[in-house]
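There are 4 protein chains.
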Amino acid sequence: MSISGYTPPFSPRGKAGIVPSPPWHYVGNFLAIDFLTAPDAVAVLLPPGLTPSHDHPGHCTANFVDWQCVTDSGEELLDPIRSQYHEFLLLVHAALDDQPVMYCPYIYVDQDTSLIRGLIQGYPKKYGSVYTTRTFDSPSRAAARLEAGTTLAGTLTVKDQRLAEGKVTLQHTTDATAAFGRAPIITLRYFPSLDPGYPPAVHELVRMQPEDTHISTVWQGDAQLTFFDSPTEDLIQLQATHILAGYRYTMALTVRHSQVVRRLG
Amino acid sequence: MSISGYTPPFSPRGKAGIVPSPPWHYVGNFLAIDFLTAPDAVAVLLPPGLTPSHDHPGHCTANFVDWQCVTDSGEELLDPIRSQYHEFLLLVHAALDDQPVMYCPYIYVDQDTSLIRGLIQGYPKKYGSVYTTRTFDSPSRAAARLEAGTTLAGTLTVKDQRLAEGKVTLQHTTDATAAFGRAPIITLRYFPSLDPGYPPAVHELVRMQPEDTHISTVWQGDAQLTFFDSPTEDLIQLQATHILAGYRYTMALTVRHSQVVRRLG
Amino acid sequence: MSISGYTPPFSPRGKAGIVPSPPWHYVGNFLAIDFLTAPDAVAVLLPPGLTPSHDHPGHCTANFVDWQCVTDSGEELLDPIRSQYHEFLLLVHAALDDQPVMYCPYIYVDQDTSLIRGLIQGYPKKYGSVYTTRTFDSPSRAAARLEAGTTLAGTLTVKDQRLAEGKVTLQHTTDATAAFGRAPIITLRYFPSLDPGYPPAVHELVRMQPEDTHISTVWQGDAQLTFFDSPTEDLIQLQATHILAGYRYTMALTVRHSQVVRRLG
Amino acid sequence: MSISGYTPPFSPRGKAGIVPSPPWHYVGNFLAIDFLTAPDAVAVLLPPGLTPSHDHPGHCTANFVDWQCVTDSGEELLDPIRSQYHEFLLLVHAALDDQPVMYCPYIYVDQDTSLIRGLIQGYPKKYGSVYTTRTFDSPSRAAARLEAGTTLAGTLTVKDQRLAEGKVTLQHTTDATAAFGRAPIITLRYFPSLDPGYPPAVHELVRMQPEDTHISTVWQGDAQLTFFDSPTEDLIQLQATHILAGYRYTMALTVRHSQVVRRLG
Numbered sequence: 001m002s003i004s005g006y007t008p009p010f011s012p013r014g015k016a017g018i019v020p021s022p023p024w025h026y027v028g029n030f031l032a033i034d035f036l037t038a039p040d041a042v043a044v045l046l047p048p049g050l051t052p053s054h055d056h057p058g059h060c061t062a063n064f065v066d067w068q069c070v071t072d073s074g075e076e077l078l079d080p081i082r083s084q085y086h087e088f089l090l091l092v093h094a095a096l097d098d099q100p101v102m103y104c105p106y107i108y109v110d111q112d113t114s115l116i117r118g119l120i121q122g123y124p125k126k127y128g129s130v131y132t133t134r135t136f137d138s139p140s141r142a143a144a145r146l147e148a149g150t151t152l153a154g155t156l157t158v159k160d161q162r163l164a165e166g167k168v169t170l171q172h173t174t175d176a177t178a179a180f181g182r183a184p185i186i187t188l189r190y191f192p193s194l195d196p197g198y199p200p201a202v203h204e205l206v207r208m209q210p211e212d213t214h215i216s217t218v219w220q221g222d223a224q225l226t227f228f229d230s231p232t233e234d235l236i237q238l239q240a241t242h243i244l245a246g247y248r249y250t251m252a253l254t255v256r257h258s259q260v261v262r263r264l265g
Numbered sequence: 001m002s003i004s005g006y007t008p009p010f011s012p013r014g015k016a017g018i019v020p021s022p023p024w025h026y027v028g029n030f031l032a033i034d035f036l037t038a039p040d041a042v043a044v045l046l047p048p049g050l051t052p053s054h055d056h057p058g059h060c061t062a063n064f065v066d067w068q069c070v071t072d073s074g075e076e077l078l079d080p081i082r083s084q085y086h087e088f089l090l091l092v093h094a095a096l097d098d099q100p101v102m103y104c105p106y107i108y109v110d111q112d113t114s115l116i117r118g119l120i121q122g123y124p125k126k127y128g129s130v131y132t133t134r135t136f137d138s139p140s141r142a143a144a145r146l147e148a149g150t151t152l153a154g155t156l157t158v159k160d161q162r163l164a165e166g167k168v169t170l171q172h173t174t175d176a177t178a179a180f181g182r183a184p185i186i187t188l189r190y191f192p193s194l195d196p197g198y199p200p201a202v203h204e205l206v207r208m209q210p211e212d213t214h215i216s217t218v219w220q221g222d223a224q225l226t227f228f229d230s231p232t233e234d235l236i237q238l239q240a241t242h243i244l245a246g247y248r249y250t251m252a253l254t255v256r257h258s259q260v261v262r263r264l265g
Numbered sequence: 001m002s003i004s005g006y007t008p009p010f011s012p013r014g015k016a017g018i019v020p021s022p023p024w025h026y027v028g029n030f031l032a033i034d035f036l037t038a039p040d041a042v043a044v045l046l047p048p049g050l051t052p053s054h055d056h057p058g059h060c061t062a063n064f065v066d067w068q069c070v071t072d073s074g075e076e077l078l079d080p081i082r083s084q085y086h087e088f089l090l091l092v093h094a095a096l097d098d099q100p101v102m103y104c105p106y107i108y109v110d111q112d113t114s115l116i117r118g119l120i121q122g123y124p125k126k127y128g129s130v131y132t133t134r135t136f137d138s139p140s141r142a143a144a145r146l147e148a149g150t151t152l153a154g155t156l157t158v159k160d161q162r163l164a165e166g167k168v169t170l171q172h173t174t175d176a177t178a179a180f181g182r183a184p185i186i187t188l189r190y191f192p193s194l195d196p197g198y199p200p201a202v203h204e205l206v207r208m209q210p211e212d213t214h215i216s217t218v219w220q221g222d223a224q225l226t227f228f229d230s231p232t233e234d235l236i237q238l239q240a241t242h243i244l245a246g247y248r249y250t251m252a253l254t255v256r257h258s259q260v261v262r263r264l265g
Numbered sequence: 001m002s003i004s005g006y007t008p009p010f011s012p013r014g015k016a017g018i019v020p021s022p023p024w025h026y027v028g029n030f031l032a033i034d035f036l037t038a039p040d041a042v043a044v045l046l047p048p049g050l051t052p053s054h055d056h057p058g059h060c061t062a063n064f065v066d067w068q069c070v071t072d073s074g075e076e077l078l079d080p081i082r083s084q085y086h087e088f089l090l091l092v093h094a095a096l097d098d099q100p101v102m103y104c105p106y107i108y109v110d111q112d113t114s115l116i117r118g119l120i121q122g123y124p125k126k127y128g129s130v131y132t133t134r135t136f137d138s139p140s141r142a143a144a145r146l147e148a149g150t151t152l153a154g155t156l157t158v159k160d161q162r163l164a165e166g167k168v169t170l171q172h173t174t175d176a177t178a179a180f181g182r183a184p185i186i187t188l189r190y191f192p193s194l195d196p197g198y199p200p201a202v203h204e205l206v207r208m209q210p211e212d213t214h215i216s217t218v219w220q221g222d223a224q225l226t227f228f229d230s231p232t233e234d235l236i237q238l239q240a241t242h243i244l245a246g247y248r249y250t251m252a253l254t255v256r257h258s259q260v261v262r263r264l265g
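Each protein sequence line maps, in turn, to chains A, B, C and D. According to my numbering, the stretch in the first sequence is residues 1 to 265, in order. According to my numbering, the stretch in the second sequence is residues 1 to 265, in order. According to my numbering, the stretch in the third sequence is residues 1 to 265, in order. According to my numbering, the stretch in the fourth sequence is residues 1 to 265, in order.
These are calculated hints, taken from the structure and not from any lab test. Check before you lean on any hint, since a few could be wrong.
Identical copies go unnamed one by one, so any copy, or any two together, can satisfy a pair.
Below 25 Å or equal to it, Euclidean Cα-Cα: the simulated SDA-like pairs (lysine to any residue) are [said to hold, decoys possible]:
no. : residue 1 : residue 2
1   : 15        : 226
2   : 15        : 121
3   : 15        : 258
4   : 15        : 194
5   : 15        : 183
6   : 15        : 73
My request is simple: use the sequences and hints to build the entire structure.
Quick look at the structure:
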């Protein structure tokens, strides 16, 4: 008898690990808000190896997402507390070797599996309480149908402090490539040393390589976005100076592996 | 200046009450499982004035529901923590003056507004953690699409004890009237006296009068349902002896008022 | 076989009711902050039958409490999710027939049993997330020992909006009668009619009659208290104009019954 | 301007990182249960470099802990959602180079900061809901005073499945060295590669080096402990064959750094 798993805790039946082995299959409803902020506020957040975007300085996307995620077995669908979580994901435009990329400085989720799965991939996840308006295909005031005139909202709260509120009023469907399709996402995979005085044990830029990506019809509309201050978070330093547009779509993707593009000092 | 509201706490701006004034507009995704249990186990749960169903003895429906609920203003959609909750709803067949009715002996939700709104209407709500598989219209293993072969699940946990697990494997759409349409729902509206030795302050049978009901296409399929024991709950006494069928549908309704049908001693 | 219980749901083994039958035995750690606010802001909150306090106009106490509560059997201590909750309790000075009383316009808890037990007694409880600094008798920076110089804090968050923050820096023990001993607490026991156009089904002033009250040594010190706005709550209208003092103590009490002092219209 | 922090996310004001830089000062109330299980069930959980204990084969300790944890600034005490969490910690006896050590195969907490702080130190933390009976120095049935005859309980629930229940009936104080003092704790610090087919990025045995440890009076008594099965967890394979004793004590400690004792393949 032996123990197994992709991550600790390793266990005899091999299913206790906080994150199961990839591939991971995701599908989620996105409420995405494109906005501009002070370019310097974005630039300061970039890790070594990334430079500010020339074409899109200060351009960010805030995403409120309802996710469902499973492994190949799909067994998580049968005990849905294991497959569901909510996420606030901030992406900023940047450049890697003069090529356009997106980078994630802040991200919050409400499930431990997602927290560590993100950490492994280079997403700096923390816990947050994320809510988004759901849509139902039903003639009810409560339904928030996907149609022109409906307003959808997302909220983020971290350690009992409201941090972000976004709203999108749907206007029309669009062919615009939504946030995830614009450029590859680069993350900072990082695991500290035991002693803060020493270099990190893992410190590298990673390129996400999503597969089998599928995006639904995209709804576009006017949007609002407000960030609030807190004793610990610095999201407010990215307060929008101009809102570009809001989007609502469903996206599916599979992650099998990612690629280390640069090891940092 | 004065205070106002439908329920306490009454406040100057009138919006602090735990439940806002009706009408209440609901829409929800139902995972419903029809089953038979020992008729005596149902009969014992009926309040004065209700008798066991002659046509459907021991017939029950367990519903796992994802709800969104708003008032006329619809403002709750813009701060979705206020509009969303999950519910486990058990309904049993019974009779009132020889007319078929449904009665709710047990129900669990995860939001305080819903808890008290239910109490006012005669639903004996307690807190529970309810999860149901979500469906997305996307070609992903994670999507649990509404199509033949997909299995959807629901779970109920009360005070950290798993109480119920249900599964439905979708097979075909159906014209079958789903649980809510079969017969009127009768509830027991009850508010105790301050002193347990005295009769309750409110004790009456109430007939629900949903308006503007709309039910989507109904998917039907084979189902499984298991109840578990706990130190306090008696749901297990309704353990299924035979599973009839499972359903998945979206239902919308509005509640403006209900009708007291009998005052009890 | 029959069903029993003090509150719904009534069940065969009689333990499913959301609130067990009294007596209820409570013990809790209080962080209490005495403060003055605009007398009119208090006066508007008083129900029929209560008048503003002549001696203490605008005098309020905000309490952040960690509670443990059991029935005679004490079995809740063996499954502590059933016995523990946190509470934010606001009390204001008022008068009933020229006698000094305390009245509770706002109160928040994080457990369903406490929510309904409060409602039965006339406390207008809603759900809130309440945290208070814990104290340990240990020589650690983390211990927040009960000694001069230690600062203890309490926070209240309702539906993901921070509503209140309080701090007390302990200075000395005191013989001062703490908030609960000053005057009897009067509550508004209220259960609405099914139809908002009709008078409430229950509407009465109730006098709390705690028994076996025991208060520990009381620590007193300087305090701070800030209320924040929210889309629904009106706590901010009681913002302190002057902070009187803060207290920290442990209190135990038993509730066997309460007394209706006046039936309202 | 630049970003800083011990862990991601790195931010301008340097406080957004999920784990602040050590030192970390902890104090917690322990409910600890010593028990024996099948030695093979322990042996299989040991990582490379650790061998089964010769003197204490199959000897384990289950700990239910209420923690408060701060950095040097102590500011977390003023926003206590940041300083408090609950933990279930399982320790097993083992040997490193023939020296007695304790090893942690399973541990659950309810706070993200603690989750990642543990991961950095080699504790395989997952989220769990942990409750323990609190004690108050008050003459109340609810108080669970620290005195002979009082029974204290702890429960663990993971993803809505109850996993462990423990009870200790206090009998007498003791000089017995409690679990943490028996032998150094060795953990497995582990961070996976991005690709499951490659060796882990970090894989090493670490020796905990707690400083400024302080243990209160230790209460000892008879104990009970039951583990339950779940779809993912393997805790049940360590089901007790014999309960040795239960303990209740308060412990404080500070972690400044730990020591890598062996890098694994």
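How would you classify residue 15 and residue 73 at a CA-CA limit of 25 Å: within, between, both, or neither?
-> Classified as within: same-chain Cα gap 12 Å, cross-chain 39 Å, threshold 25 Å.
Are the CA atoms of residue 15 and residue 194 at most 25 Å apart within a copy, between copies, both, or neither?
-> This pair counts as between: shortest inter-copy Cα distance 19 Å, intra-copy 27 Å.
Checking residue 15 and residue 183: alpha-carbon separation at most 25 Å within a copy, between copies, both or neither?
-> neither (35 Å within a copy, 29 Å between copies)
Intra- versus inter-subunit Cα pairing at 25 Å for residue 15 with residue 121 = both (20 Å within a copy, 22 Å between copies)
Are the CA atoms of residue 15 and residue 258 at most 25 Å apart within a copy, between copies, both, or neither?
-> within (23 Å within a copy, 29 Å between copies)
Using 25 Å as the alpha-carbon threshold, which applies to residue 15 and residue 226: within, between, both, or neither?
-> Between. Shortest inter-copy distance 21 Å satisfies the 25 Å Cα cut-off; intra-copy 41 Å does not.
Consistency with the previously given hints fails for number 5 only.
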